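*Asks:* Given the sequences, and given the hints that come with them, work out the whole structure.
Chains A and B, in that order, give the protein sequences.
Be aware that the first sequence starts at 1, since it is given in this note's numbering, and climbs by one per residue.
Be aware that the second sequence starts at 1, since it is given in this note's numbering, and climbs by one per residue.
Calculated directly from the structure, the hints in this document are not laboratory data.
As the structure is a computational prediction, the values presented were derived from the model and not from experiment.
All C-beta atoms in this analysis are idealised placements derived from N, C-alpha and C, irrespective of residue type, glycine included.
Worth double-checking, as some hints may not be accurate.
Stated by the list, open to error - Ranges of calculated distance between the beta carbons of each label pair, as one might list FRET restraints:
(1) A/G328 <-> B/R93: 53 to 61 Å
(2) A/R260 <-> B/R302: 38 to 46 Å
(3) B/D305 <-> A/R260: 31 to 39 Å
(4) A/G256 <-> B/T167: 24 to 32 Å
(5) B/T326 <-> A/E237: 58 to 66 Å
(6) B/T326 <-> A/R260: 24 to 32 Å
(7) B/R195 <-> A/R261: 42 to 50 Å
(8) B/L327 <-> A/E236: 53 to 61 Å
(9) A/V108 <-> B/K346: 44 to 52 Å
Said to hold, decoys possible - One side of the interface only, derived from the structure: several residues of chain A facing chain B at Cβ under 7 Å:
(10) N263
(11) D266
(12) D267
(13) Q270
(14) R271
(15) A274
(16) V275
(17) A278
(18) A279
(19) R280
(20) L281
(21) E338
As the list claims (entries may be wrong) - If you want the ones that stay clear, here's a sample from chain B, every Cβ over 12 Å from chain A, calculated:
(22) C44
(23) Q49
(24) D51
(25) P67
(26) D99
(27) A148
(28) F153
(29) Q270
2 protein chains.
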Amino acid sequence: MKLADFTRSAGEWLRGVGPMHDVVISSRIRLARNLAGMPFLTRCTAEQQRDLEARLRKDILAAGIAPQVLYVDVAAASELDRRLLVERHLISRHHAEADTPRGAVIAVDETASIMVNEEDHLRIQVLRSGLDLTNAVAEIERIDDLLAARADFAFHDRYGYLTACPTNVGTGLRVSVMLHLPALKMTGEIEKAFRAAHDMHLAIRGLYGEGTEATGDFFQISNQTTLGRTEEQIVEEFIEQMVPKFVEYERAARSGLLQRRANAVDDKVQRSLAVLRAARLISSEETMYLLSLVRLGVNLDRLRDVGLQTVNELFLLTQPAHLQKTLGKELAPEQRAEARAGFLRKRLGAG
Amino acid sequence: MKLADFTRSAGEWLRGVGPMHDVVISSRIRLARNLAGMPFLTRCTAEQQRDLEARLRKDILAAGIAPQVLYVDVAAASELDRRLLVERHLISRHHAEADTPRGAVIAVDETASIMVNEEDHLRIQVLRSGLDLTNAVAEIERIDDLLAARADFAFHDRYGYLTACPTNVGTGLRVSVMLHLPALKMTGEIEKAFRAAHDMHLAIRGLYGEGTEATGDFFQISNQTTLGRTEEQIVEEFIEQMVPKFVEYERAARSGLLQRRANAVDDKVQRSLAVLRAARLISSEETMYLLSLVRLGVNLDRLRDVGLQTVNELFLLTQPAHLQKTLGKELAPEQRAEARAGFLRKRLGAG
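*Replies:* Set out below in structure tokens:
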């Protein structure tokens, strides 16, 4: 197993299955953990950082968190490889761009990854396609237990797990889902979703997390604080009350559009597919925007000559690092636009 | 012969043949004439206007200007029929929208038409595909002579033909060509063409003449004054110096684009055709814009599955009145957008 092999599929987060997958692309849970008796990373000397990386690498690999894992020395990885991992949501942008000793342990089915020396000593994440937080919680607790058996995590009887950023203190748990809300965007009701997120104290972000714009019609919502609540409370509220609200809004907008403006939907969907099949130069942003509308068409059963699986894979495979990995060469942005267009024509069976 | 029959073809001005037809869509010559001893139209009583219309109608029909002519009582025609004639460039917008007694005599091959009671008592025009002003001049002089044999035109020994607007006094001649300048538009050099037109004292207008915006990539250039020059001088200068200048600019821009940015051209051309074939709702403006780029692709031999003839016809047949005539029913704008998209898919062999 090597990184380039990832480019053959869309990984877990874009598999396009699981509950409510018409709206919920993927679910993600993340835990922040730090070793007891060691300073937080920003307070570590360079040597301490190196020691931490080596020690945590050994502990995690020994813990056997998944049948097959890949360890990536992120500091030594090429820029292209680091970007590939970001595009697959296996490491954060921050982790890709830092300049400290750091690594990532990745279950090869991409359902779990652990960042070593990110903001905290350990950031454990579990990903699931669709709205599948219950299984994700069970999985992340299993991994947490395996690691806790080998490492002593900083824990305070009153505050809970201690973390570099105060917003993570407590359970250290962050829950998020990636939502596809094209109909709310099309009807102009997306503000309603933003207000709902605000009222529920949720953060709403773009496709690549903190500090990124909402790209096209994709929105990531997550809980903002973890102190004073149990993991079960946070997750249960998220699954049972919050996410279904957004799903309900989006589905209502979709059925409203179909009832009142079916041909406006068809127009957007058909044009999008046609452009993806015809372009000779195309950016990843435009590709994402057009694929989003094609995905809507497939989900509404208005488009039958393209599969959801293909669309989901293309979201990822047309991004800069994936494209270059797939084609096996580094390309300047202008060359990428041409290569991406050619790749799309091939995959979408252009006329 | 009736008006609806016109919708079966693109008429003369979009036939897509003739010299320099890659850039020059069509050539047009127009003469303004007024009867001696009668006031200009704005000075006529309603009764005088009616008399003029009846008398000129009789004279023109008797003159036998073409083997087959159609007389249209424009005042009595439906709005749809009047718009159809405007879209075919057989009458002006002003003539279509006036509320006085008026008519139009049209050679059924659409190479010539005469408006009765437009701004002047008579406006005679001859149209030719491509840059073909020499033949157009011979033809309009022939028609002028035939009419002059039956009607006494207002003529002043010193000023020449007298006309309602001083800019037409003299020969009463206006020469114009419709240019297709997509490459100059794409390279941003269109301003150069505008400056050249200005320096040559030419007026530059949109697709439907005076007061209309340049639609997409089509520009109509015409001489501005006719006093003190012979018909031959005006036409010769236009054919030999002015028009070739624009053709040269546009051709240079096209070959420059192909050399430096062939895939940017292909991208625009292929996307345009794809959208025309895929849209479910489309306006006439967008259709015109996209067809213009398809036409460029055909002329540059970058697109082989669509013929120039088809593209030229579609420019006309997708316009509001043509579309409604072709489909045999009146449609609201929203219905037209849908019907137009369906018509385009059928004509362009959509997948």
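*Asks:* Taking the hints in turn, state whether each one holds.
*Replies:* Taking the hints in turn, this is what the structure says about them:
| no. | hint | verdict |
| --- | --- | --- |
| 1 | A/G328 <-> B/R93: 53 to 61 Å | 59 Å, holds |
| 2 | A/R260 <-> B/R302: 38 to 46 Å | 40 Å, holds |
| 3 | B/D305 <-> A/R260: 31 to 39 Å | 36 Å, holds |
| 4 | A/G256 <-> B/T167: 24 to 32 Å | 56 Å, violated |
| 5 | B/T326 <-> A/E237: 58 to 66 Å | 60 Å, holds |
| 6 | B/T326 <-> A/R260: 24 to 32 Å | 28 Å, holds |
| 7 | B/R195 <-> A/R261: 42 to 50 Å | 45 Å, holds |
| 8 | B/L327 <-> A/E236: 53 to 61 Å | 58 Å, holds |
| 9 | A/V108 <-> B/K346: 44 to 52 Å | 51 Å, holds |
| 10 | N263 | 5 Å, holds |
| 11 | D266 | 4 Å, holds |
| 12 | D267 | 4 Å, holds |
| 13 | Q270 | 4 Å, holds |
| 14 | R271 | 5 Å, holds |
| 15 | A274 | 3 Å, holds |
| 16 | V275 | 6 Å, holds |
| 17 | A278 | 3 Å, holds |
| 18 | A279 | 6 Å, holds |
| 19 | R280 | 4 Å, holds |
| 20 | L281 | 4 Å, holds |
| 21 | E338 | 6 Å, holds |
| 22 | C44 | 50 Å, holds |
| 23 | Q49 | 47 Å, holds |
| 24 | D51 | 52 Å, holds |
| 25 | P67 | 45 Å, holds |
| 26 | D99 | 38 Å, holds |
| 27 | A148 | 55 Å, holds |
| 28 | F153 | 54 Å, holds |
| 29 | Q270 | 4 Å, violated |
Hints 4 and 29, counting from the list given before, are not met by this structure.
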